[in-house]
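J.: We have chain B; now place chain U onto it with these hints.
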Amino acid sequence: MRVMAQMAMVMNLDKCIGCHTCSVTCKQAWTNRSGTEYVWFNNVETRPGQGYPRTYEDQERWQGGWKLNRRGRLSLKAGGRFRKLATIFSNPKLPSIHDYYEPWTYDYATLTDAPAQEHTPVARPKSLLTGGDTKITWSSNWDDDLGGSKASFENDPVLAKVSTEVKRSFEDTFMFYLPRICEHCLNPSCAASCPSGAIYKRSEDGIVLVDQDRCRGWRMCVSGCPYKKIYFNHRTGKAEKCTFCFPRIEVGLPTVCSETCVGRLRYLGLILYDADRVLDAASTPDDQDLYRAQREILLDPNDPEVVAAAERDGVPHDWVMAAQRSPIHALIQTYEVALPLHPEYRTMPMVWYIPPLSPVVDAIGETGEDPEDQRNLFAAIDALRIPVEYLAGLFTAGDTAVVDSVLQRLAAMRSYMRDLNLGREPDPGIPARVGMSEEEMYDMYRLLALAKYDERYVIPAAHAEQAHSLEALGTECPVGSGPFGEGSGSPVPIAVENFTMLRNRQTADTVAAPDDKATRVNLLNWDGRGIPTGLFPPRQEVTETEEVGEAGTPDTSDDGATGPGGTGGLTGGADYR
Amino acid sequence: MNTFLWVIVPYLCLATFVVGHYWRYRYDKFGWTTRSSQLYENRLLRLGSPLFHFGMLGVVAGHFVGLLVPESWTNGAGLSNHAYHWGALVGGLAAAAATLAGLVILIYRRRTVGPVFSATTKMDKLMYVFLAGVILLGIWNTVSGASFLFGGHEYDYRQGVSIWFRQFWSFHPDPALMGAAPLSFQLHAFVASLLFALWPFTRLVHVFSAPVGYLTRPYIVYRSRDTQLGNRRPGRGWEPLG
Chain B
13 MRVMAQMAMV MNLDKCIGCH TCSVTCKQAW TNRSGTEYVW FNNVETRPGQ
63 GYPRTYEDQE RWQGGWKLNR RGRLSLKAGG RFRKLATIFS NPKLPSIHDY
113 YEPWTYDYAT LTDAPAQEHT PVARPKSLLT GGDTKITWSS NWDDDLGGSK
163 ASFENDPVLA KVSTEVKRSF EDTFMFYLPR ICEHCLNPSC AASCPSGAIY
213 KRSEDGIVLV DQDRCRGWRM CVSGCPYKKI YFNHRTGKAE KCTFCFPRIE
263 VGLPTVCSET CVGRLRYLGL ILYDADRVLD AASTPDDQDL YRAQREILLD
313 PNDPEVVAAA ERDGVPHDWV MAAQRSPIHA LIQTYEVALP LHPEYRTMPM
363 VWYIPPLSPV VDAIGETGED PEDQRNLFAA IDALRIPVEY LAGLFTAGDT
413 AVVDSVLQRL AAMRSYMRDL NLGREPDPGI PARVGMSEEE MYDMYRLLAL
463 AKYDERYVIP AAHAEQAHSL EALGTECPVG SGPFGEGSGS PVPIAVENFT
513 MLRNRQTADT VAAPDDKATR VNLLNWDGRG IPTGLFPPRQ EVTETEEVGE
563 AGTPDTSDDG ATGPGGTGGL TGGADYR
Chain U
2 MNTFLWVIVP YLCLATFVVG HYWRYRYDKF GWTTRSSQLY ENRLLRLGSP
52 LFHFGMLGVV AGHFVGLLVP ESWTNGAGLS NHAYHWGALV GGLAAAAATL
102 AGLVILIYRR RTVGPVFSAT TKMDKLMYVF LAGVILLGIW NTVSGASFLF
152 GGHEYDYRQG VSIWFRQFWS FHPDPALMGA APLSFQLHAF VASLLFALWP
202 FTRLVHVFSA PVGYLTRPYI VYRSRDTQLG NRRPGRGWEP LG
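Going down the list, the protein sequences come from chains B and U.
Each residue of the first sequence is one higher than the one before, counting from 13 in the numbering used here.
Each residue of the second sequence is one higher than the one before, counting from 2 in the numbering used here.
Pulled out of the complex, with its shape left as it was, chain U reads as follows:
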């Protein structure tokens, strides 16, 4: 069972994620967009969208540190375990609060503003369920991590989940590590896997068009007219010269 849940399913989701994106980019470049609804409504969006997105950027950064940086590195840098957990708790709660507030505003907006609701696809709704599920489970994990404040025993994910995650990328995952994790962590990871499988088929693809190239490119883009007129390529050997 452990092998199925923590080896087979994650790799299947990863494969869907990678192949799905390739497929979507090949066949649906036109549909690859944020599908912004700002035109319909701006008052709620102006508040909710930056809260959610900047919160998510914080969440991603937190996961990066928590999952990819081994405990030995932070220890080596002179950061005590206790200090690390304080940092993770404060940073995590701040990001979680922003994300959750943003998410609530955005979902409220999506449901109550007429034009926005009627522009919502089935895929959007499905994606919202998974996204909200992952976020809520993640927040639960962060909050329950605060039990160390009251002297309770805390699950140290850096001795379990994180190691499994790094092994996952080197293709030697030990499912027992995940199997030993608390249920909420298991659920969080499992739903997240499914969300990643769903990812290429939703509007979430816009994450991969984050326009960082804008910072370096010249302001005005010049492009040559397509030399091919009409809707068909010239036959092989008949391409125009020069």
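If we strip away everything but chain B, and leave its shape as in the complex, we get:
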């Protein structure tokens, strides 16, 4: 057993309203540059739909991810090392920019520069690739909310695998959103496809990154990733990908997409896994067993053996503790409601999803029946094969039994909690029916519905202790320290410790309104008359008169400090320190 830690994410799809806030904030943070116009580290797809880039899930066409070869060994679907080098001069499986979209801007200047004319001037779309006029035909979420779906849904590779009668009626049936980021896989096929070895998995937290100085632009990672979450920057000629906001994660902050998610549907936390068994698990013969295999290599952070092994393998103790509190571990292993996206690609993805129950609830609601009643819900999950088959195509390589059990748990939670909320006697039979205790069911409800910031994001800070920099916040003052006089030299580095210190100082109440206000004395604006608060311990017997005296003191002094009360006027001096 070799214990490694992985920073992972779970998204609760029932809560996604498809607002694209995650995509927009991510883009502002990471890809608002020339060459990355079409790059969406985070995108939100409407399902059913083609996804971004179009039909990326059709691995017969794009050949991303891994497969088992004839001898049953794991190999890259697009061919191994020799094949890669032989096709290096022209990657046969690389999506063209038209599979994404041609980035454009508008000729805004015309709006103000145009000479006086009969008609209102218009800002024409201009291609950012050629600079010429362009016609906008597609973009990253062109089929948002099933827009134009009559023309495009036929191409959904997941829908193509479910039965034909499902296809015919899908449009009346269901729709949901699927936000996607890089999966930060345990067995990343992008890294395996990179001829230069520039893509690496960080051994501390499992985040997969591209070393921009070592990338040589061979483009094999773009075709190697089955999720098409590596993008080619067409200006710099380098591959770029979702970074899991590692500078934020390192100091204990959630990713930008999680932080800004209005639905609060994202969870972040650590999981521990056995690195020695990753290859075995990824080589599981049957596609439908991959979900179980992937769960089996995750380790229980509460198991003393695992804790000891983690310590031996260099996982810091506070990280193990964070793994124990991890919402990810709870959702995947304890409550068993989170599923990986397309486990059949055999990359062991580490962004998991709680499948949406809402298509089922909506379907019941339309019939006029009570969508909160567990009998209706359970019957509907059994009867409504359409969403279940589709969800199974996304999350379990087609195994509907797993999706059924997850949806049943969510349904059970829904009707169990309704009894509680309405003040009725809760029915212990409901949790029992899905194999959970009442307490477990309530805890799951807490995590899914109420969890606060600190419960949703359990992120231990990275270990890069810089004791010197800490004490040096004062001593390394740049004044006169550099060779070129005052202010020259280097700035104080950003480290976990001084980041946390700075944040505490900025967000705490203590500087502006100290907790220990009562015991503080500001002698600066004491003119020697009267008794400032806190200078002497309070006299027990005459508290009333003392307060009157205090109030008078600042009023008669010359410094003009006139607070509503003596304490306000005196400790107000703290602001100037």
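What the hints contain is simulated information worked out from the structure, not anything from laboratory work.
It cannot be assumed that every hint is accurate.
[Stated by the list, open to error] Listed next, the stretches of chain B that the computed footprint assigns to chain U, with coverage defined by at least 3 CB atoms under 8 Å from CB atoms of chain U: (1) 245-254; (2) 376-387.
[Stated by the list, open to error] In silico DSS-like cross-links for lysine-lysine, where the CA-CA straight-line distance does not exceed 27 Å: (3) Lys105/B x Lys147/B; (4) Lys138/B x Lys123/U; (5) Lys173/B x Lys105/B; (6) Lys464/B x Lys147/B; (7) Lys126/U x Lys138/B.
[Said to hold, decoys possible] Here chain U is said to cover these stretches of chain B; the calculated rule only asks that three of the stretch's residues, wherever they fall, bring their Cβ under 8 Å from a Cβ of chain U: (8) 140-153; (9) 191-204; (10) 315-325.
Note that the structure is predicted; figures quoted are calculated from it, not measured.
Quick reminder that beta carbons are idealized off the backbone N, C-alpha and C, glycines included.
T.: Frame of chain B; chain U shown alone:
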């Protein structure tokens, strides 16, 4: 004049080539890339790029044999001069045809496909002139070498240019050997020298990142997070321990 053209200029170009690469690698690792334009256009590239690159690999192999293997070695191996020239002509023409076809397709593509053309830098254009010049002159030399088929007198570069080239690497070049070569050979060598001087400042640097290490390295690369947080190294003596 011979000394200037065949001693001073080549060594200056060599120095630029070596120092230039060192400098580029130190200061522009980020810019060290193929700058692929496959994302913009694939139909022409799928044809042109492999033709050109595999053709070039053949050309490099041909130069290796022609310039570095002395005539006495091939003779010693029992290969007659006549057979050698036949081999060189057939192999050379095949490689030249592939390279030329690829080059024509790629230049056509670069000029006519909008996004590719607008992503072309000035340095690219300059490099194309020299690269195409060297290739065309080289093809002319190969083709003119075919004159022996018609009983004409052929310049045996292995008695002239090749010896000068080997002397060049042992730092005792005899400029007279190049001076005696036909004009087309002189031009080919001269333009090639200039191309090598230009090399480190163009996208041609990607030749030196040919990813042969891929064949031996494990598929998944693990790397430790940089222990240095922020954008500055800790002061001397203050590096974190362990």
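J.: If a hint holds in the structure, say so; if it does not, say that too.
T.: A quick look at each hint next to the structure:
Three residues within the 8 Å Cβ limit are the bar, and the region 245-254 of chain B against chain U gives 5, so the coverage statement holds. With 0 residues carrying a beta carbon less than 8 Å from a beta carbon of chain U, the region 376-387 of chain B misses the three-residue requirement, and the given coverage is violated. Pair hint Lys105/B plus Lys147/B holds up; C-alpha atoms about 26 Å apart against a cutoff of 27 Å. The hinted pair formed by Lys138/B and Lys123/U meets the criterion: a straight-line CA distance of about 24 Å does not exceed 27 Å.
Annotation: proposed proximity of Lys173/B to Lys105/B holds, straight-line Cα distance about 22 Å (limit 27 Å). With a C-alpha separation of about 45 Å, the suggested pairing of Lys464/B with Lys147/B is violated against the 27 Å cut-off. Only pairs whose Cα atoms come within 27 Å are accepted, and Lys126/U paired with Lys138/B is accepted, the gap being roughly 25 Å. With a cut-off of 8 Å between beta carbons, the region 140-153 of chain B has 4 residues touching chain U; three or more are needed, and the interface restraint holds.
Check on the region 191-204 of chain B: 4 of its residues sit with their Cβ under 8 Å from a Cβ of chain U, so the three-residue criterion for coverage holds. Judged by the Cβ-Cβ criterion of 8 Å, the region 315-325 of chain B is not covered by chain U as claimed, because only 0 of its residues qualify and three are needed.
Taken one by one, the earlier hints fail for this structure at numbers 2, 6 and 10, listed in ascending order.
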